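Protein chains: 4
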Amino acid sequence: MCRWLAYSGSPIMLEELLYKPAHSLIDQSLHARMGAETTNGDGFGIGWYPDDHGGPDRVVEPAVFRGTGPAWSDQNLRELARCVRSPLFVAHIRASTGTAVQQTNCHPFRYERWLWLHNGSIRDYPKLKRDLVLAVDASLYPYITGSTDSELMFFLALTFGLRDDVPGAVERMAGFVETTAARHGVADPLQMTVAVSEGKRLWAFRYSSGHASRSLFFSTSVHALRALHPENPALRKASEETRIIVSEPLGDLPGAWNPVPESCYAVVQEGHDAIRRFSPRGGAE
Amino acid sequence: MCRWLAYSGSPIMLEELLYKPAHSLIDQSLHARMGAETTNGDGFGIGWYPDDHGGPDRVVEPAVFRGTGPAWSDQNLRELARCVRSPLFVAHIRASTGTAVQQTNCHPFRYERWLWLHNGSIRDYPKLKRDLVLAVDASLYPYITGSTDSELMFFLALTFGLRDDVPGAVERMAGFVETTAARHGVADPLQMTVAVSEGKRLWAFRYSSGHASRSLFFSTSVHALRALHPENPALRKASEETRIIVSEPLGDLPGAWNPVPESCYAVVQEGHDAIRRFSPRGGAE
Amino acid sequence: MCRWLAYSGSPIMLEELLYKPAHSLIDQSLHARMGAETTNGDGFGIGWYPDDHGGPDRVVEPAVFRGTGPAWSDQNLRELARCVRSPLFVAHIRASTGTAVQQTNCHPFRYERWLWLHNGSIRDYPKLKRDLVLAVDASLYPYITGSTDSELMFFLALTFGLRDDVPGAVERMAGFVETTAARHGVADPLQMTVAVSEGKRLWAFRYSSGHASRSLFFSTSVHALRALHPENPALRKASEETRIIVSEPLGDLPGAWNPVPESCYAVVQEGHDAIRRFSPRGGAE
Amino acid sequence: MCRWLAYSGSPIMLEELLYKPAHSLIDQSLHARMGAETTNGDGFGIGWYPDDHGGPDRVVEPAVFRGTGPAWSDQNLRELARCVRSPLFVAHIRASTGTAVQQTNCHPFRYERWLWLHNGSIRDYPKLKRDLVLAVDASLYPYITGSTDSELMFFLALTFGLRDDVPGAVERMAGFVETTAARHGVADPLQMTVAVSEGKRLWAFRYSSGHASRSLFFSTSVHALRALHPENPALRKASEETRIIVSEPLGDLPGAWNPVPESCYAVVQEGHDAIRRFSPRGGAE
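Chains as they are written, first to last, in full-length UniProt numbering: chain D, 1 to 285; chain E, 1 to 285; chain H, 1 to 285; chain Z, 1 to 285.
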């Protein structure tokens with residue numbers, strides 16, 4: 001089990017969300033409340049798009065900072081959170097489900113301007129891994145640097161067209177994992193909440209083969225956020241479009257957080273955000 | 001808060017105590033039950049005296065292995081625990097109370113053939129540190145390599161005669177810390193369970209200025225230990241003298257573990273072990 | 001021996017100096033040319049003042065990023081260098097002269113808005129350390145977090161008035177080190193090149209008790225820098241005030257680099273820069 | 001480029017070879033003399049078979065200790081070298097040729113009771129990797145934990161029968177790499193010195209597709225070794241069978257070290273050692 005957070009909206013300093021809230025993500029690295037594990041100390045990562053990334057058409061590769069120790073004691077993370085401002089960033093704290101604790105296994109994973117982070121796992125991953133790896137496009141294969149199921153899911157989604165159709169590619173990835181697992185006799189193989197972004201939009205998926213998915217929440221509105229953090233000047237100035245998606249709520253304010261429904265995904269984008277059904281598709285056809 | 005363990009008896013592989021018991025020390029690094037913090041992920045260390053350390057008069061410097069990541073995911077610790085056999089060893093998992101997570105702050109601390117480990121803290125340590133450091137003997141001062149209160153307590157005890165009179169030196173150290181704290185207006189300054197060894201005997205202290213000390217237990221007898229781990233061949237062959245001291249019990253067997261009483265210390269040695277009163281003394285006179 | 005670099009001028013991305021030049025600082029971590037050691041793999045650090053740090057009177061604490069592995073393989077350093085832009089920054093690669101490889105021993109050291117980095121050493125430091133530590137002001141003492149001579153020199157300089165008179169305080173620090181060394185019978189105790197900044201000005205010192213100081217160079221003018229890196233758009237736009245100070249030259253362009261003379265210091269500031277004599281003073285009177 | 005060492009003979013403390021010789025392996029981590037890179041600071045590892053591993057038929061899994069920092073500053077390595085005694089051990093210092101610096105990429109690699117270490121590389125590895133990975137037996141595939149060419153060569157050799165016929169399997173591995181490379185238009189793909197052991201025998205291979213292999217030496221006889229280290233009591237008592245194989249000689253004694261000839265391998269075993277020709281074979285048929 002891991003915990004993650006994704007932010008899209010008016011540019012803010014990362015520390016506003018990573019450190020300052022009552023039940024912040026860094027606090028969750030020591031004391032998560034929801035999910036199988038209460039400690040998420042097997043590495044962490046942040047990924048952010050720069051504040052000044054030019055016009056809407058400029059392709060910008062996001063920056064990534066990842067560490068293998070626990071987030072709660074990392075001095076560099078604390079420094080960066082204090083001086084990096086971004087309109088779109090993600091953060092992840094890891095609890096390994098078996099693969100090594102090393103930087104190449106820390107989220108977010110990046111490919112070109114895309115960022116990916118995941119909470120969950122593929123059941124019996126060692127058994128399924130080879131067949132899943134073989135399905136990754138040969139031109140993408142050399143960019144896999146770690147050994148996790150999470151990164152492999154990203155490269156399968158890229159193989160299945162993530163850059164053109166995010167929800168479709170993730171649905172095909174999920175379908176392919178389920179088909180492969182079925183062939184190996186593995187039941188209920190996929191458990192996932194996933195965040196994806198290319199710097200402008202943000203997608204957040206909540207799905208599991210057994211329909212008992214890990215928790216995922218989004219902030220209802222910037223008004224509720226402001227009420228949640230009345231002392232926070234950054235949020236006072238945040239635009240109406242500002243949105244946060246989290247594995248578990250920051251703070252306990254009633255009404256501030258809504259669950260993403262089971263087997264659904266959310267799109268945070270200019271204009272109206274949306275929540276839609278998620279249905280795995282036969283990924284290989 | 002930290003957790004620790006000390007073993008003296010028939011030589012066993014370290015993994016017998018570090019990994020195999022139901023509520024092992026490594027398990028406690030993720031899920032401690034007693035004490036302020038449930039996670040002890042800010043480094044760890046083991047120290048051991050070699051199995052074949054010659055006759056009773058040979059002075060042997062123990063080996064120390066320390067890491068800055070969490071014990072639960074350390075592959076090297078797992079390897080060593082599997083291949084190191086020792087008749088007297090200690091292990092420590094750290095939860096920092098403020099000082100940096102770095103190897104020089106990990107327990108056990110070593111000086112010549114002495115090992116020291118500590119759970120607890122000196123209250124308002126930054127305020128008191130300078131005065132405490134000044135009291136360390138100038139010839140010992142250069143051997144302080146870290147920045148913790150724990151290591152400083154060790155060097156104060158060495159200054160106050162640890163090598164000649166262990167309980168007396170620890171009592172003088174405690175007295176000196178309390179006197180210094182009083183001068184700075186700091187109440188209830190000392191909280192400690194401490195283990196000390198020179199390779200033959202093992203001392204374990206439980207004390208706090210406010211008489212609300214952290215938990216400390218010793219195994220009642222090797223018979224109880226065998227009952228605790230009936231499947232363990234190492235313990236089946238363990239001598240009557242075998243003894244384990246721990247911050248919190250391994251496993252839940254009734255009768256296997258006895259608390260060290262408040263403000264007392266235990267001596268594990270050839271012949272009869274002993275439990276005696278601990279009384280801080282004016283350390284500086 | 002270590003290597004370092006300090007930049008003051010038009011805001012540029014850190015990678016322009018850390019990675020892009022022919023004989024860049026990161027390259028020097030593997031293959032330094034000047035000085036006793038060719039490898040500087042015992043940690044590294046960067047410190048920078050933000051690009052948008054408001055008006056001239058605003059006090060800004062710089063950001064610091066430090067790692068304990070070699071700079072040449074650090075992925076996070078590479079990421080930050082690519083996305084951090086600053087008008088005044090420093091970078092350091094460390095070759096330990098005996099103290100532990102740990103983050104608290106990596107340069108730059110920071111106190112409030114001051115940054116300090118050092119190449120060199122205090123001879124017989126373990127012998128002199130206690131007396132030097134005792135001279136640090138009691139109110140500053142708790143902010144010492146590592147165990148190096150370099151950080152201690154910083155806190156001595158702070159004690160001797162760094163915040164009011166930089167050259168004077170560094171001269172008093174040097175004098176105090178030499179006086180203390182003389183009392184212990186240690187000859188030629190001090191070897192240093194030092195960079196100091198508060199975010200607006202930059203001081204660089206070159207001194208050694210034996211007048212055989214480690215190398216130190218400054219860029220003659222932005223014109224020479226442009227000639228050095230004609231392909232570099234950042235430098236093409238750099239102001240006339242832009243200045244770089246380095247342990248050893250980046251690249252081999254004739255005329256681009258001038259040595260700071262023996263027993264001198266340079267001040268990089270608004271208006272005319274200056275080079276002046278450095279003379280240790282009795283620091284304790 | 002990396003450097004490695006393998007020892008077989010009378011049990012000795014690891015430090016006898018790792019630290020004590022004039023041009024020891026740890027010294028080579030900072031200052032190697034032969035080969036493309038003089039610094040080997042991208043991690044290290046040791047693997048050893050226990051001193052008391054029972055009768056000749058007992059299968060014993062060796063212990064492995066690996067670190068990601070430079071060997072020269074690793075305190076734990078120093079401790080272990082001082083207290084681990086072994087009749088057969090290997091050590092490796094790494095200079096990455098592109099893959100990540102992480103524990104799973106450090107040598108030696110282990111599978112059951114086998115140890116493997118490698119100096120060299122597969123040219124254009126990212127281009128060839130997928131085809132090479134596909135050839136690994138599906139039952140072995142899940143045991144690959146890192147991302148190096150070195151580990152993949154080990155698993156290919158295991159696939160091609162290493163456990164039954166060491167030289168044959170390594171020759172088939174080499175042949176398969178060359179065939180695969182040829183298919184991709186990659187010339188001179190393989191560069192390797194390799195050590196393999198199962199705890200009793202030790203094989204050392206020197207080969208490269210272009211017949212310009214990295215250096216490899218073996219100690220001529222224990223007499224020469226004793227002459228090399230007259231002060232070393234361990235070697236004075238070493239048996240006639242004692243043998244050391246190294247990437248580059250320890251010390252400069254004339255006559256102590258002999259090169260393994262180009263395209264050959266050595267077998268160190270009970271009775272007569274042997275040097276034989278190495279000829280890659282079509283690995284896939």
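For the record, the hints were derived by calculation from the structure and aren't laboratory data.
It should be emphasised that the depicted structure is a prediction, and the values quoted were computed from it without experimental measurement.
Using N, Cα and C, we set each Cβ at its ideal position, and we do this for glycine too.
Hints may contain errors.
[To be verified] Only part of the chain D face toward chain Z is listed, based on derived beta-carbon distances under 10 Å:
id, residue
1, Cys-83
2, Thr-97
3, Ala-100
4, Gln-102
5, Thr-104
6, Lys-129
7, Val-136
8, Val-186
Verification of the supplied hints:
1. Cys-83: Cys-83 of chain D check fails; min Cβ-Cβ to chain Z is 26 Å, beyond 10 Å.
2. Thr-97: Violated - the Cβ of Thr-97 of chain D stays beyond 10 Å from chain Z, reaching only about 14 Å at its closest.
3. Ala-100: Ala-100 of chain D check passes; min Cβ-Cβ to chain Z is 5 Å, inside 10 Å.
4. Gln-102: Interface hint status for Gln-102 of chain D: holds (4 Å vs cutoff 10 Å).
5. Thr-104: Cβ of Thr-104 of chain D sits 5 Å from chain Z, so the hint holds.
6. Lys-129: At about 7 Å, which falls below the 10 Å cut-off, the nearest Cβ of chain Z leaves the hint on Lys-129 of chain D intact, so it holds.
7. Val-136: Since chain Z brings a Cβ to about 8 Å from Val-136 of chain D, closer than 10 Å, the hint holds.
8. Val-186: The hint is violated - Val-186 of chain D has no Cβ within 10 Å of chain Z, the shortest such distance being about 14 Å.
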